[in-house]
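First to last, the protein sequences are chains A and B. Numbering-wise (the numbering used here), the first sequence opens with residue 6 and increments by one. Numbering-wise (the numbering used here), the second sequence opens with residue 353 and increments by one.
If you're looking for bench data, these hints aren't it; they were derived computationally from the structure. Each residue gets a CB set at the ideal place from its N, CA and C atoms; glycine is no exception. Careful, some of the hints might be misleading.
Derived, one-sided and incomplete: chain B residues facing chain A with beta-carbon distance under 10 Å [stated by the list, open to error]:
1. 354
2. 356
3. 359
4. 370
5. 389
6. 394
7. 395
8. 397
9. 414
10. 442
11. 457
12. 467
Each chain is listed here by its residues.
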Amino acid sequence: DAKTTQPNSMESNEEEPVHLPCNHSTISGTDYIHWYRQLPSQGPEYVIHGLTSNVNNRMASLAIAEDRKSSTLILHRATLRDAAVYYCILRVFGNEKLTFGTGTRLTIIP
Amino acid sequence: EAQVTQNPRYLITVTGKKLTVTCSQNMNHEYMSWYRQDPGLGLRQIYYSMNVEVTDKGDVPEGYKVSRKEKRNFPLILESPSPNQTSLYFCASRSPGLAGITGELFFGEGSRLTVL
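Throw the hints in and build the complete structure from the sequences for me.
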């Protein structure tokens, strides 16, 4: 299975943009890139996903490199509520296993 | 409100005493799954179910059983719990998505299990 690599932790100031990187150098053509986050004492929640093109939704933006070997989750204006563990996951089309890994722990500094 | 409900949220038990963690979703999702979360290991999939009476193993199925007799319920059964099954367990269900693309997973709030 293709794997993802994320930094263990990151810090950002409140009200500033945050760029969370993810490397997936062994990604294949049918792998979707998914992002989830897990707030303290909660289950993970969906953030965004994409295949090739950059994606935007109300929570975040996903920028995907042209060669698809890396991607960046962008939180445009971080709030304290965005402090969480962020997971970058590759989802093979038709494969029901979803491997989360250890993610990036994001700390927001007031 | 759309939700995935797990019970119990917290449980302390002893080795060998059978237990069941229930999971119920009210979104009419066909796909449901169980994960366990351990420090330093992230979330690992235990079992998943594509629909009623259809279940399959995830990455760490040993020591667990599941059943899917109704669409809304997907209980996780530990027939003979052992201390290495002490963990935080999450149930999830998934929306169908569009054109075969994976829909998003909805997770329950978790069940913290301690086996002594």
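Verification of the supplied hints:
no., hint, in the structure
1, 354, "violated, 12 Å"
2, 356, "holds, 8 Å"
3, 359, "violated, 14 Å"
4, 370, "violated, 25 Å"
5, 389, "holds, 8 Å"
6, 394, "holds, 4 Å"
7, 395, "holds, 4 Å"
8, 397, "holds, 6 Å"
9, 414, "violated, 15 Å"
10, 442, "holds, 5 Å"
11, 457, "holds, 6 Å"
12, 467, "violated, 21 Å"
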